[in-house]
Amino acid sequence: EDQVTQSPEALRLQEGESSSLNCSYTVSGLRGLFWYRQDPGKGPEFLFTLYSAGEEKEKERLKATLTKKESFLHITAPKPEDSATYLCAVQGDFGNEKLTFGTGTRLTIIP
Amino acid sequence: ETGVTQTPRHLVMGMTNKKSLKCEQHLGHNAMYWYKQSAKKPLELMFVYNFKEQTENNSVPSRFSPECPNSSHLFLHLHTLQPEDSALYLCASSPGTSNTDTQYFGPGTRLTVL
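Residue numbers (the working numbering), protein chains in the order written: chain Z, 1 to 111; chain G, 1 to 114.
These aren't lab readings, by the way, just hints derived from the structure by calculation. Worth double-checking, as some hints may not be accurate.
Going by beta-carbon spacing under 8 Å, a handful of chain Z positions derived as facing chain G [stated by the list, open to error]:
#, residue
1, P40
2, P44
3, T103
Calculated lysine-lysine pairs in the DSS-like style (CA-CA distance at most 30 Å, straight line) [claimed, not checked]:
#, chain 1, residue 1, chain 2, residue 2
4, G, K41, Z, K57
5, G, K36, Z, K63
6, G, K41, Z, K42
7, G, K36, Z, K42
The C-beta atom is built at its ideal place from N, Cα and C for all residues, glycine as well.
Same shape as in the complex, but just chain Z:
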C-alpha cells in the first residue's frame, strides 16, 4: 500500500526566512509525485508534478525536488501570502488514477 508522510506538521517562519518541507513516500512504482497548496476553506491548488528522481521544478519562490524516497518543497524568502497548507501526493503503478495524500504541512509566514 502506498504511503506518504509529511513533516513538519506545522512550520512558522519569519518573512524572508527560507526553509524546506519534507514528503517521504513508499510506493510500488512511482508514476508521479504531486505538490498542492490549500488555503483554508478552499480546494487544493496544483503546484508541481515530479516524475523521476533528480527532477526539479520551480515556480516563483517555490522549488520542488525528488529523490527515490522523498521530495522537498523549498521555499525561498517567503512572503505572508505563501501561508497555506502544502499537500504532497503520490500515484503508483497499481493504483490506476488513485492519488495517496499526506496530511500536509501548515505553513505560516509572519510579517
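Dock chain G against chain Z, hints included.
Same frame as chain Z, now just chain G:
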C-alpha cells in the same frame, strides 16, 4: 478559478435528509473524482469516473451514491448520513488520457450533519 465548480459551498443537513452535491468541470476532462477531507486526516478518495464509467469505489458506504451523467458533471447523492460524515467534500477532474494525470480540484462543499 481552476475550472471546477461545486455547489452548494456549504450544506447543513439532518440525519434523515436527502441532499445532493454537484460538481461541474469546464476543462474538457474525461475523469472526475470525489474526495472526502476530514480534519487531521489525508484526503480520502471516494469514487472515480473515467469517460462516465465508474472505475473505483473506495469501499464507500451506500449512503453515498455517485452519479456521472456526462464527462462534465458529477453528483454525490446523500441520504441517512451520520455525524461522522461531516467533512469537506472535494471534486476533482483530470484529462484521463495518460498514465499520470494531474488532478484539478474544485473549492469543495463543507457538509455538516446534525
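Results for each hint:
1. Hint status for P40(Z) relative to chain G: violated, with the closest Cβ pair at about 10 Å, above 8 Å.
2. The beta carbon of P44(Z) is positioned within 8 Å of a beta carbon in chain G (closest approach about 5 Å), and the interface hint is therefore held.
3. For T103(Z), the interface hint holds, since its Cβ comes within 8 Å of a Cβ in chain G; the closest pair sits about 5 Å apart.
4. A distance of roughly 27 Å separates the Cα atoms of K41(G) and K57(Z); the hinted pair therefore holds under the 30 Å criterion.
5. Annotation: proposed proximity of K36(G) to K63(Z) holds, straight-line Cα distance about 28 Å (limit 30 Å).
6. Of the pairs offered as hints, the one joining K41(G) and K42(Z) holds, with about 16 Å between alpha carbons and a cut-off of 30 Å not exceeded.
7. Of the pairs offered as hints, the one joining K36(G) and K42(Z) holds, with about 13 Å between alpha carbons and a cut-off of 30 Å not exceeded.
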